[in-house]
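J.: The listed protein sequences derive, respectively, from chains A and B. Position 177 (the first sequence) corresponds to 177 in the UniProt record's numbering; numbering is contiguous. Position 64 (the second sequence) corresponds to 64 in the UniProt record's numbering; numbering is contiguous.
Derived from the structure by calculation, the hints contain no laboratory data. Idealized CB from N, CA, C, for every residue including glycine. Any given hint might turn out to be false.
[Claimed, not checked] Result set (PhoX-like, lysine-lysine): computed pairs, CA atoms no more than 25 angstroms apart in a straight line:
hint	chain 1	residue 1	chain 2	residue 2
1	A	31	B	108
2	A	184	A	130
3	B	152	B	108
4	A	410	B	108
5	A	241	A	324
6	B	76	B	108
7	A	258	A	241
8	A	184	A	267
9	A	31	B	152
[Said to hold, decoys possible] Covered stretches of chain B, going by a simulated chain A footprint (3 or more residues, C-beta under 8 angstroms):
hint	stretch
10	66–79
11	114–128
12	151–158
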Amino acid sequence: MVRLPYTTALTTLFSYGLLFAFGQLRDFFRKFVDWFKAKNVKGYAPICLGLEDFYVRRLYLRIQDCFGRPIASAPDSWFDVVERTSNDNNKTLQCTSNTTRCLNLGSYNYLGFAAADEYCTPRVIESLKKYSASTCSVRVDGGTTKLHAELEELAARFVGKPAAILFGMGYVTNSAIIPCLIGKGGLIISDSLNHNSIVNGARGSGATVRVFQHNSPAHLEEVLREQIAGGQPRTHRPWKKIIVIVEGIYSMEGELCKLPEIIAVCKKYKAYTYLDEAHSIGAVGQSGRGVCELLGVDPADVDIMMGTFTKSFGSCGGYIAASKEIIQHLKQSCPAHLYATSMSPPAVQQVISAIKVILGEDGSNRGAQKLARIRENSNFFRSELKKMGFEVLGDNDSPVMPIMLYNPAKIPAFSRECLRQKVAVVTVAFPATPLLLARARICISASHTREDLMKALDVISRVGDLVGIKYFPAEPPKIAEADHDKLE
Amino acid sequence: MGRRGEPYYVEAAPPVDVNKNTEWFMYPGVWTTYILLLFFVWLLVLSVSGCSPGAAWTVVNLAHFAITYHFFHWKKGTPFAADDQGIYSRLTWWEQIDNGQQLTRNRKFLTVVPVVLYLIASHLTDYKQPMFFLNTIAVFVLVVAKLPNMHKVRIFGINADI
């Protein structure tokens with residue numbers, strides 16, 4: 001739930017209308033300019049129907065330089081951003097050989113494992129020498145090494161489930177598993193702000209998909225009651241199974257899921273639960289075990305727990321943790337396990353080492369320090385931004401904080417001006433977020449020092465004033481209040 | 001608009017609509033923007049051409065007819081190619097909004113706007129021909145296109161699939 005000034009809503013809608021109108025006008029004239037160009041592919045259907053790529057061509061490409069910026073170093077708290085130039089108004093971009101050293105506020109580097117780490121990197125290099133960069137084989141063939149077995153057991157233990165299975169890619173973990181768990185005749189109820197991978201998996205499964213209002217256990221109950229009473233679409237037979245899919249931390253909102261209430265509703269109506277902890281595993285919770293630990297939910301109550309290794313562990317790939325029977329079924333039926341190359345052994349070793357650091361099994365308390373630091377950093381940053389008058393979403397303890405921009409013109413303005421001041425931020429617009437709610441998303445890391453955060457706050461405050469995104473009144477500084485009290 | 005000097009805030013709950021092409025219509029401020037846009041275009045037409053107010057409203061009504069007919073009832077599909085896998089590629093925008101539900105508040109509002117424009121334009125031109133005839137055609141086509149019985153109907157195969 002965001003609160004925006006009414007005039008901002010009006011001006012944002014008007015701006016998008018203007019952009020749309022200009023895009024249509026340009027398309028109209030382009031039709032005339034291209035009328036006389038030779039069409040040498042007679043009889044073939046066009047690749048895109050007229051309207052399909054409108055958004056990409058006329059809106060996205062105009063501010064293309066704010067997205068997908070290449071970097072030239074490891075994504076640590078400071079990194080090198082490659083400068084790009086364009087000769088044709090951002091339609092194509094060319095990389096130059098210059099780089100700028102910027103503060104990294106965009107990488108999902110929650111625990112600081114993205115750059116070389118004193119415990120993980122030597123072990124990764126050793127495993128690279130021993131097992132080579134790729135097994136060049138599928139898991140069921142010759143692709144399961146000792147490391148894979150160790151990580152599966154370690155991931156299950158970390159999360160609190162009996163067994164786990166690994167995949168080489170985080171997106172594929174959702175989109176290839178959901179079709180193995182449910183098919184035609186089943187019902188998937190997913191949160192309205194779920195990630196594209198879940199949407200893709202749900203569509204690919206063939207089950208009926210229903211959406212419930214973001215993070216609203218009351219609406220979930222309403223949808224469940226309606227669907228259970230109605231049954232399957234035409235035949236009205238009872239559903240074969242019902243799975244409710246939610247995420248731990250929603251990456252565009254920074255919000256935590258209302259997990260205890262949702263689990264209670266699901267248990268009442270006997271629906272299965274699937275928790276996607278891509279952003280919360282390793283980043284929240286007393287010992288980094290994710291949103292279950294933070295909210296006091298027993299992992300045995302969630303049927304399937306999914307997570308990725310890309311964010312907090314500095315590696316690649318994903319895992320599913322569930323009961324032994326489910327994992328056994330997945331190992332025999334999931335195409336991502338049976339036909340995809342297994343995870344690269346050094347990447348597996350990185351995750352094993354990262355989990356050992358987090359659990360403290362490497363013999364030091366760096367893991368606990370990192371967890372405390374990320375919690376402190378996130379809470380400090382969020383409260384300071386709120387005090388300055390920005391509209392910041394997300395709950396306390398969540399390392400993801402979106403700053404609302406709303407107006408489409410403020411997206412490139414904020415992004416480019418911050419880059420000029422050597423702070424790299426990620427801005428997100430339609431269609432990744434709803435139309436009115438464009439935002440700049442800040443991801444705090446345990447490797448950010450207090451000086452880094454102060455610099456970031458200073459730059460963001462100045463740019464925020466320039467761009468005009470301090471929608472709430474700023475809190476007055478504390479000194480004025482103390483003086484006022486003295487006078488009384 | 002709220003207490004003196006303080007902006008008036010509205011709450012924007014993310015809508016449940018999965019179709020990115022139509023969910024922007026569920027937000028607060030959309031109806032007001034639409035009405036304000038029509039009003040400002042009328043002012044623009046008046047100031048640029050210097051014609052009578054009634055003729056300006058007729059121009060606005062006919063332009064509104066052309067634009068809304070093209071974008072609501074002619075263009076099919078969505079501006080995002082890969083994201084929705086083409087499940088809406090046979091539906092016009094009008095058929096997509098509110099997930100295909102008929103007679104919702106948004107639909108009722110959008111049906112009333114051409115009628116109100118017609119009444120204003122006809123009244124201010126004193127129901128004289130030829131403006132009256134053109135305005136009547138505009139409102140007739142737009143209102144018929146928005147009736148619930150016309151959902152997914154393609155008369156004489158006009159605008160039928162690709």
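J.: Hints numbered earlier in the text: which of these fail when held up against the supplied structure?
T.: 1, 2, 4, 9, 11, 12
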